[in-house]
Amino acid sequence: MSVITKPADVRVGDRRTPQSKQRRRRRAGRRVVTGLFNLLGIALSVVWIFPIYWMLNTSFKSANEYQTFTPHFWPHSPTVGNYTTAVHVLNFYDDLGNSLILTVSAVVISLLVGFFGALAVARFRFSGRRVFIFLVMIVQMLPLAVMIVPMYRVLASLNQIDTLYGVIVIYIGLVLPYTVWTLRGFIVNVPRELDEAALVDGCTQFQVFFRIILRLIGPGLVATSLYGFIQIWNEWLIISTINHDNTKQNLMVWLTNQSSLRGTAWGPLMASAVITSVPVVVLFLIIRRHIATGLTAGAVKG
Amino acid sequence: MSATGLDVSATGSEPAGVQAEGVRDAPRIRHRRDRLVPYWLSLPTAVILFGVFGYPLGYMIYLSFHNLTAADLYQHLSPAWAGFAQYKSVLTDSTFWIATERTVIFTILTVIASVVIALLIAVLMNRVSPWVKGLVGVVLIFVWSVPQIVSIQLFSWLTDPDFSVINWLLSKLPWVNLDKHDWFRDPHQGLAVAATVVIWGAVPFLAITLHAGMTMVPKELIEAARVDGANRWRQFRAVTLPILKPLLVIVTTLSIVWDIQVFNQIWLLRHGQPEPTYQTLSIYTFTTAINDTRYSAASAIGILTVLLMLGVMIFYIRQIFRIGDND
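If you read the sequences in order, they're chains A and B. Going left to right, the first sequence walks through residues 1 to 302 as the working numbering numbers them. Going left to right, the second sequence walks through residues 1001 to 1327 as the working numbering numbers them.
One or more of the hints may lead you astray.
[As the list claims (entries may be wrong)] Once the Cα atoms are required to be at most 25 Å apart in a straight line, the calculated DMTMM-like pairs of lysine to aspartate or glutamate come out as: (1) B/Lys1172 - A/Glu65; (2) A/Lys21 - B/Asp1228; (3) B/Lys1180 - A/Asp245; (4) B/Lys1172 - B/Asp1160; (5) A/Lys21 - B/Glu1223; (6) B/Lys1088 - B/Asp1072; (7) B/Lys1172 - B/Asp1162; (8) B/Lys1133 - B/Glu1223.
Hints in this document: simulated from the structure, not taken from any laboratory.
Put together the whole structure using the sequences plus the hints.
Spelled out as structure tokens, the structure:
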């Protein structure tokens, strides 16, 4: 404030006053500080990315190169041999197919069911609404390694061991809470006036849901389904416990089956790890903005 | 199908009296019909969640008060009533208490470490040059996207006793010699590796979320604090932190809920055969049921685990409700 009220010539002469020297020194100091922070940021990035770099590095090395006592920090004679070995590991195509069937069916069904659930929460005030939200929220926090015990017994009594159906049903339940909650956020952002205008124009309630709201939350549906896809694609505990047949597993179980207590072939294993990660990494890069904003928007506003 | 109150506009040609009645009647009819709509909409979700979680949870409670033996399973007999016997035997078993203690300590350490590191990274991202910020952001997204199972296999390779690159790098430090070091011989070190996998995977989500939260802090407030003579630390303590607090509380409780049920990391790092010294509550429940087929004892342990988590879960949901009520 006071600077502005000073006459202009004082400011021009500023550069030669002792104060300006101090300011310049401070600015230089700030540059040093930023430099130090930059170094810290780079160091953290290097530490955090190192495992991924090492996975890629190992996956392109032959056995006599990854089994060296002095590690090679890049493959001296790079090879894709591990990748060809990986896709020939038993049941790769079976389990790849299973992963796709499981993810697509669980995501599609939970999207449809979750859309209705989200409509109920976002568009209506009804008694039992809070209880409904409470139950949806709490089930997704139940410890799965504990819940698998009764789930296993229930599925066993229904003869659903070593099939994909039982697993699909559990997977729908697994992604449904997130689906309901996220879609709710998108639906809330569709102005109610649009609903009312459509009702006035003679739309039925269900036409409003499908023709107005569903169309307007298109991007939300994509983001939600991709996140569900990632969650199911990465699931390991449930399917590996319920199914014992190696042709009824997903790619994560296929991956873990390749390591053993003694004598794991790390090159092919790292290549397999890259193969199973690629779809997820790609989807992640597509929806990363949605994930970050979707999770935080409400929390900071509130 | 379209007998909602708003159709009244189409009845304009009817006699005035009828129309007036229609107008008065219509909202009530609409109301009565609409009252059921949210229930129909939430029914499929409720049915599926009941089938997948509710019924098994109820069955687990039932099992914990009975004694289901392997013989019962083969002969399709209903298990004998056991009262609180399962709980009594679990609670007097020191294995349970040791596993509980291990779980709680593991959770506290991993949650504190991951939240503190994430907060530091979030703050750091505001202080570095734009290109470094971009670099950190890209690294975090890539690490976040790595499937958990992949990351476990990866750390298994990184800590391989024969060809571990981590051992080799750490041995470069003076006074450190980790040649042929087996990280899993000492359970404390082994659990530290498991904790590292958890923290490595959790930090990206936490850091990105907290950083996004920080960008929502109004710049004018920080500016005002700076003008008032607050240094960087004071600005952070007195302005940023209080605004960030609700978000910090949510991600911390979420981390507690996730880390307390740690299973995959320990289980797979030990190749599906964790030694008793690696047992957390999840692993103890799982092995008691699936390996020992003591389903009733496992159910009692499982119920006790859920009870241990319940307080944190309810606290989390109360935070969520605050958001839900705002819109």
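Against the structure, the hints come out as follows:
As the CA atoms of B/Lys1172 and A/Glu65 are separated by approximately 21 Å, the hinted pair is consistent with the 25 Å bound. Of the pairs offered as hints, the one joining A/Lys21 and B/Asp1228 holds, with about 23 Å between alpha carbons and a cut-off of 25 Å not exceeded. For the suggested pair B/Lys1180 and A/Asp245, the alpha carbons sit about 36 Å apart, so the restraint of at most 25 Å is broken. Pair hint B/Lys1172 plus B/Asp1160 holds up; C-alpha atoms about 17 Å apart against a cutoff of 25 Å.
A threshold of 25 Å between alpha carbons decides the hint, and for A/Lys21 with B/Glu1223 the separation of about 24 Å falls inside it, so the pair holds. Of the pairs offered as hints, the one joining B/Lys1088 and B/Asp1072 holds, with about 22 Å between alpha carbons and a cut-off of 25 Å not exceeded. Annotation: proposed proximity of B/Lys1172 to B/Asp1162 holds, straight-line Cα distance about 16 Å (limit 25 Å). Restraint check for B/Lys1133 and B/Glu1223: satisfied, since their Cα atoms lie roughly 22 Å apart, inside the 25 Å limit.
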